[in-house]
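Residue numbers (the numbering used here), protein chains in the order written: chain A, 18 to 315; chain B, -10 to 295; chain C, 536 to 894.
Treat the hints with care, as some may be off.
[To be verified] Partial chain A-side listing against chain C, Cβ under 10 Å, derived: (1) 74; (2) 78; (3) 208.
[Stated by the list, open to error] Calculated pairs, BS3-like style, for lysine-lysine (alpha carbon to alpha carbon, straight line, at most 25 Å): (4) C:601 x A:203; (5) C:720 x C:542; (6) C:601 x C:648; (7) C:637 x C:720; (8) C:556 x C:538; (9) C:538 x C:551; (10) C:538 x C:666; (11) C:666 x A:203; (12) A:203 x C:720.
Keep in mind that the hints were calculated from the coordinates and are not lab data. Beta carbons: idealized from backbone N, C-alpha and C, even for Gly.
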Amino acid sequence: MTTITRTLPKTRSTEPAPTRKPSFDVRQILFWLAVGAIALFCLAPILWQVLTSFKVNEDIAAVPNVYFPTRLTLDHYIELFTRRPFLRYIFNSALVSLVSTLTCLAIGAPAAYALARLQPFGGRVIQAGILLITLFPGILLLQGLLEIVQIFRLGNNYLALIIPYTAINLPLTILVMKSFYQQLPKDLEDAARVDGYNTWQMLTQIVMPLTLPALVTTGILAFIFAWNEFIFALTFITEESMKTIPVASAQIGGASVFEIPYGPIAAATVVGTIPLVLLVLFFQRQIVQGLTAGAVKG
Amino acid sequence: MQAASGNTIRAREQRTGFYLVLPAVLLLLLVFAYPILRSLWLSLFSQNLATELKPVFTGLSNYTRLLGDGRFWQTFWVTARFTTISVVLELALGMAIALVLNRAFRGRNLLRTIAIIPWALPTSLIALGWTWIFNDQYGIVNDILLRLGLIQTGVNWLGEPFTANVAVIFADIWKTTPFISILLLAGLQSISPDLYEAYSLEGATPWQSFYRITLPLLMPQIIIAALFRFAQAFGIFDLIQVMTGGGPGGATEVVSLYIYASAMRYLDFGYGSALIVVTFLLLVLAIILCVSLLKARSRKLESLES
Amino acid sequence: MSKLELKNLNKTFSPKVVPVKDISLSVGDGEVLSLLGPSGCGKSTILRMIAGLEEPTRGQVLIGDKDVTRDRPGDRNIAMVFQSYALYPHMNVHDNLTAGLKLKKTPRPEIDKRVAEVSHILGLDDLMQRKPGQLSGGQRQRVAVGRALVRRSDVFLLDEPLSNLDALLREHVRADLKQIFAVQKAPVVYVTHDQTEAMTLSTQVAVLNNGYLQQLDVPERIYTHPANQFVAGFVGSPQMNLLTLPCQGQYALLGDFKVPLPALPTVPPQIVLGIRPEHVQLGEAEGPAMVRGKVFLVENLGMHNLVSVRVPNSQGEPLTLRILVQPGQWAERDLWLRIAPESTHWFDLQSGDALNKRG
Chain A
18 MTTITRTLPK TRSTEPAPTR KPSFDVRQIL FWLAVGAIAL FCLAPILWQV LTSFKVNEDI
78 AAVPNVYFPT RLTLDHYIEL FTRRPFLRYI FNSALVSLVS TLTCLAIGAP AAYALARLQP
138 FGGRVIQAGI LLITLFPGIL LLQGLLEIVQ IFRLGNNYLA LIIPYTAINL PLTILVMKSF
198 YQQLPKDLED AARVDGYNTW QMLTQIVMPL TLPALVTTGI LAFIFAWNEF IFALTFITEE
258 SMKTIPVASA QIGGASVFEI PYGPIAAATV VGTIPLVLLV LFFQRQIVQG LTAGAVKG
Chain B
-10 MQAASGNTIR AREQRTGFYL VLPAVLLLLL VFAYPILRSL WLSLFSQNLA TELKPVFTGL
50 SNYTRLLGDG RFWQTFWVTA RFTTISVVLE LALGMAIALV LNRAFRGRNL LRTIAIIPWA
110 LPTSLIALGW TWIFNDQYGI VNDILLRLGL IQTGVNWLGE PFTANVAVIF ADIWKTTPFI
170 SILLLAGLQS ISPDLYEAYS LEGATPWQSF YRITLPLLMP QIIIAALFRF AQAFGIFDLI
230 QVMTGGGPGG ATEVVSLYIY ASAMRYLDFG YGSALIVVTF LLLVLAIILC VSLLKARSRK
290 LESLES
Chain C
536 MSKLELKNLN KTFSPKVVPV KDISLSVGDG EVLSLLGPSG CGKSTILRMI AGLEEPTRGQ
596 VLIGDKDVTR DRPGDRNIAM VFQSYALYPH MNVHDNLTAG LKLKKTPRPE IDKRVAEVSH
656 ILGLDDLMQR KPGQLSGGQR QRVAVGRALV RRSDVFLLDE PLSNLDALLR EHVRADLKQI
716 FAVQKAPVVY VTHDQTEAMT LSTQVAVLNN GYLQQLDVPE RIYTHPANQF VAGFVGSPQM
776 NLLTLPCQGQ YALLGDFKVP LPALPTVPPQ IVLGIRPEHV QLGEAEGPAM VRGKVFLVEN
836 LGMHNLVSVR VPNSQGEPLT LRILVQPGQW AERDLWLRIA PESTHWFDLQ SGDALNKRG
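Here chain A stands alone, though its shape is the one from the complex (with noise of 0.2 Å):
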């Protein structure tokens, strides 16, 4: 709808009514002109990095910049797996990660249903609860937490990260699949209750093969998210060995204190985001999706 295409902010006036023209069009230009702006804007700093981490350590230190690698170099990449432990880093962030999301799922799917079918009681006051917990940040519960951490003596332990992640990623599950439920047939479950299942069974039997692009889409966010998480996993994991890929990767120091190798930085930052985009790249349709739904029953 062309009324309504906007290429500047707000602020500014608008383009003039649209009038007749041939191929030539200042509109289309300035259109395609703003999508490579949000597309450059949104990637410089990634390619920044990616370029970064290629260059040798003169080109990195020269002034005024060089923007593209005189001489490319995979020292940084080497340095990141041989002098420190990047390959553990790696399946310390993926087994939590990982496990945190299928917790997520197994606990949060059952109760989304139950929310969205069953009007448990105090099924109101849960919902509530769980909108209203999303807008927690996690420093408040830090201290708390660690006192738990602590008297269980789950410090160094997958466990004090995966717990909290379960927790943290069950409101967002939890509202978006019961969105998803919602929108399931109510005749099927019907006829599945008239066929003799009870509810558990038309749980895993009916409603879950229907419903595992949802579930898919949930486990992704919950992955995210998990995978990002940054305050638990500094505090909670001091242990070399056990950290996960945020913490390790900002602690990255130098020989001395005064030299910060910016170009293993620069390589952790890429390797530490490559699943991620993957991910994104794969199913941007699915989280987008989630999201949205998420969005919208809140």
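Use these hints to put chains B and C onto chain A, whose structure you have.
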């Protein structure tokens, strides 16, 4: 809701539903409710190095200390400023981008994918990147500005209070604007084009279309996005910890950093709890304010429309 | 195979929303009962209460003298065909058919036997491995019926099973269903808003409106002896002429003409006259129960013409009578019409009840 007597179908359903919900509720209570309540309790005690890390009941003394704690109010101010500016700019920019993306064009899916990436990446890693970008000697921002002749010497971005704030706000906007634009875009696409066509037939300008149709219809999404972003920005930790650590001299120290320092660095647990409680209450207050403000505005827009 | 009985069923969602107010009826072995009525009359709610998918606020559901009102649907041994068919999308036809039997732990040879039988009756043999998404609407409908048949349940419920089929297919399937009903013994309850289905398929028809039973009777009598104005107007296509007429002495005034009233205990000030378009006879000249009017609309229904005649009325608005006649040149003609007393129905204006209960 129908009253359910013990053995009816409805009652059995409700019972099953209760059991299905129970694990989630228990876990959420443990991870979310317990720490807050614990902090509430602990805030009435002193537990720090002076007490050899044993809790000593001190009543409301932590709170009185908090009232006079300049550093806390400083961080609160920094946080409020950061949050407001970020969220407002993100919404405006996100809206603009969503409007641009609202028509079908080749490569739109690709652009959407690209737009999700900033949001999907770990904040701490990207913060490392921004630190490098804003580096005063080797940073690319200074390089571009120098080349364009806009500045004479490199700006010490992360070393000066004002520019440090600019840098973190910019990084935050980078991370979340594309994401907001995706959410708003989804909302835009649910508005039927018929409405715009009908309105333009009556002679409306694009601005009027936006103000009278788009904005009111999109208000629910905007409110939700604003609310989420507000709460998120209020509790921001990763970005600032990695980029500036709160510096220079506390210029970018947000509340969450102060709370973190209290607990982890100063081991002042009682006081940290008080900080947590107060922050929590202030956050709730701010949210209620936001919600009622936005709801009032949307009501005003609705009446304008009619 | 056992009798289904409903006793004073009531479903109240809220003081304002009471879809089923008070329904009592029974269906025996071999009987097919249609629940017929407009949307919102409560028929689907009643069916769901029989199935156990809704719980009655008051009243009882009995199957074979056993009170099942509080039992789960799966425990009632009923089978249901849904309007949308509700086939399990991720299972193929064979698994759809056997799902309920497997849950009841029916032995494998028995399952196979029943599936073979039903598949044969409904022609599903070639479709067994396909998933619902790969079937046409008509095929899906047959699978839905098959899934219900295979259960050999005590009661067989159908919720508007034909409404999603196109008109031609509907006729075919209707005929098929009639044959199926004839063979199987369990009581059948069939919900529909289509009177043709109700009339052709059932042994009894329950006409419902607004949560109440309007009339429970065999199809023929519903048509020839409607118990009230609602039933008269609902059943029969084209719709019965229903005219509110003032009364004077022994006559009802139809416009400027008089129609003799039947024997009534008291003559009300106003009365509703009902006569089906096909029962209005063409006449030659003035006479008892004759009216005259001018044609203003002719609708060609194929085998007949539906002609609308305007009868002048010096007391007020002209009245419209619709008549069903052989195709011909009817436009603009003046016609004498006979309101045959033997085909005329009379209804009380206030209650809508039929006034002349003929034998």
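Quiz item: Which earlier hints can't be squared with this structure?
Solution: 1, 2, 4, 6, 9, 10 and 12
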